Amino acid sequence: MTTATITVGQRSSHGGLAGAVSSEWTKVWSVRSSWLNIVAAALLTALLGVQFGFSTAYDNTHLRPGHVAEQAAVGSVGVSAMIIVQVVVAAFALLQVTSEYSTGSIRSTLQWTPVRRNVVLGKAVVLGPVLFAYGLLLGAIAAVSGGLAMGEWADWDLATLVVDLVSIAAYLTLGGLFTLGIAFVIRSTAGTLTAAFLMLLVLPMMLGQSSLRALVWLAAFLPGGAGQDFLSGSTDPLSPTLSFIVLIAWAVGGLAFGLKVLQRRDA
Amino acid sequence: MITLERLSKRYGETRAVDALDLTVSPGRVTGFLGPNGAGKSTTMRMILGLDTPTEGSALVDGRPYSAWPVPLAKVGALLDAKALHPRRTARNHLIAMARSNGIPVSRVDEVLAIVGLDTVRQKKAGQFSLGMGQRLGIAGALLGDPEVLMFDEPVNGLDPDGVRWVRQLMRSLAAEGRTVFVSSHLMSEMQLTADQLVVIGRGKLIADAPIAEVIAGSSRTTVRVRVPVRADLAVLRERLAEEAEQVESVSALAPPGQAADQLIVTGLSAERVGDLAHELGVRLHELYTERASLEEAYMELTADSVQYGVAAAS
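Protein sequences appear in the order of chains A and B. Per my numbering, the first sequence starts with residue -6, numbered consecutively. Per my numbering, the second sequence starts with residue 131, numbered consecutively.
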């Protein structure tokens, strides 16, 4: 046993937001669940890509009356796959918060970074680029697996693909940041996952198919609905640009709400 | 230095901490005692800003903990050794902690060596025993080389060797001029470790005094005097009763029923008893102080806080 000598020279320069960002980056990549999540999402995306690809090829060779066979952009496979895979990506984002509450490590985090704004911002600053890269990766996996499965019906136009991939990445980033924000409010993994599932997938899908115009509008203003309208380039009821602005509002609003709650609550 | 001013925390009707005024000074170990639920942990959590006080303030060197730019260099704390991700390795846990405050990673390996965990640093923290978890928590507290250290029950789960090590660590940290604030329920341990004692009960301050003073103030600390001449015993007893809180005659050596040959005096020093006997010309065979243990003093304090509050003020 060494004796307690703790003489240290000129040390530490900064805590604050820079420290929080650095710490969060370390935390994300030092637990296996993050890596497992990425592997799971990649596999799921590849499977969905193959399925959508074969389905497109089948439709083009078994045309219903009045339909014309046409090539499909490979990026569109990514757009279709994201409807499902987004929930796995949302889980990646929310686990950064809910695992801290379930293990009690949130108290350590708040001790290291006592300015709570920096805790929320630190996680968001790390997750933003990570989710964007994650989205690019998954979009590319879907495009390649789907494109190969489509065979001759695949349209590999690079410019279209790049636009699709960037759109997918942007959507997953904003959806993930929204989920991160509400995770601070809900705290439990199951609860946050349920809320994200409802807001990103179930509610917009149900409401969007309604014959009531008001419900279609409501769907367009939910994060999942705005995301689908943005990704599919839909102009009804909102333009893609407006849908993107709605998405940004949900992400910022979710994070602001999460911060508000975190600042008021005892750890 | 930690300064609490009218620090209060209410949960509904319950006053967990009630208008606590306290200064914890550097250069010594301050023991923080109180029955379960007395508000010790809540007080420590408010010092770190984990809980928000209902009223009052908790400052570290004049500012709230959260206002310090490098908080881990100001206060190092071990409140709950389980507050970590069990599937992250011990080293990675400390690296995340170090980076949050811009502390170089080399310091992580230093503190792991100090607490004796360098051989298990790649082990997942969740697989640690209670004692190893405490050591990891202590490593975290030392990480920022802080001026103020707070430990909540630091020797929990440690083996005797570990307990001794923690005691030496606290003493040396205080000797270096740091502020050391330690809660514990092990009185014998506190008696060996602490210089100053802070006792709270039901969220209120019961005592804040040097440990020797707390023990001396206990009614269990008595002066025994043996008087060989029976007539002298009665004379001395009468004189002592004028100044002492209590004087009792006993027959220590003789069997029950025998005449008393000793007095047990509460509330007077041995010096005063000796001087009075000299004034009366009473011959003494024995004169000594029987000190209470810290545990006895503590039990007495927490059993009746109001009584001590008056005695401590006088």
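In case anyone wonders, no lab produced these hints; they're calculated from the structure. Computed from a predicted model, the values in this text were never measured in an experiment. Even for Gly, the Cβ is constructed at its ideal location relative to N, Cα and C. Treat the hints with caution; some may be incorrect.
Said to hold, decoys possible - Counterexamples of contact, computed for chain B against chain A with all Cβ distances above 10 angstroms:
| # | residue |
| --- | --- |
| 1 | T153 |
| 2 | Q257 |
| 3 | D325 |
| 4 | R332 |
| 5 | A339 |
| 6 | E343 |
| 7 | S349 |
| 8 | R367 |
| 9 | I394 |
| 10 | L398 |
| 11 | E409 |
| 12 | R413 |
Stated by the list, open to error - Some chain A residues close to chain B (C-beta under 8 angstroms, calculated; not the full set):
| # | residue |
| --- | --- |
| 13 | H7 |
| 14 | L10 |
| 15 | G12 |
| 16 | S16 |
| 17 | S23 |
| 18 | R25 |
| 19 | S27 |
| 20 | T96 |
| 21 | R100 |
| 22 | Q104 |
| 23 | V108 |
| 24 | A183 |
| 25 | G184 |
| 26 | A188 |
| 27 | S227 |
| 28 | D259 |
Okay, the hints, checked on the actual structure:
| no. | hint | in the structure |
| --- | --- | --- |
| 1 | T153 | holds (21 angstroms) |
| 2 | Q257 | holds (14 angstroms) |
| 3 | D325 | holds (17 angstroms) |
| 4 | R332 | holds (20 angstroms) |
| 5 | A339 | holds (27 angstroms) |
| 6 | E343 | holds (28 angstroms) |
| 7 | S349 | holds (37 angstroms) |
| 8 | R367 | holds (52 angstroms) |
| 9 | I394 | holds (43 angstroms) |
| 10 | L398 | holds (42 angstroms) |
| 11 | E409 | holds (52 angstroms) |
| 12 | R413 | holds (52 angstroms) |
| 13 | H7 | holds (4 angstroms) |
| 14 | L10 | violated (10 angstroms) |
| 15 | G12 | holds (5 angstroms) |
| 16 | S16 | holds (4 angstroms) |
| 17 | S23 | holds (4 angstroms) |
| 18 | R25 | holds (6 angstroms) |
| 19 | S27 | violated (11 angstroms) |
| 20 | T96 | holds (5 angstroms) |
| 21 | R100 | holds (4 angstroms) |
| 22 | Q104 | holds (6 angstroms) |
| 23 | V108 | holds (6 angstroms) |
| 24 | A183 | violated (18 angstroms) |
| 25 | G184 | violated (20 angstroms) |
| 26 | A188 | violated (23 angstroms) |
| 27 | S227 | violated (41 angstroms) |
| 28 | D259 | holds (4 angstroms) |
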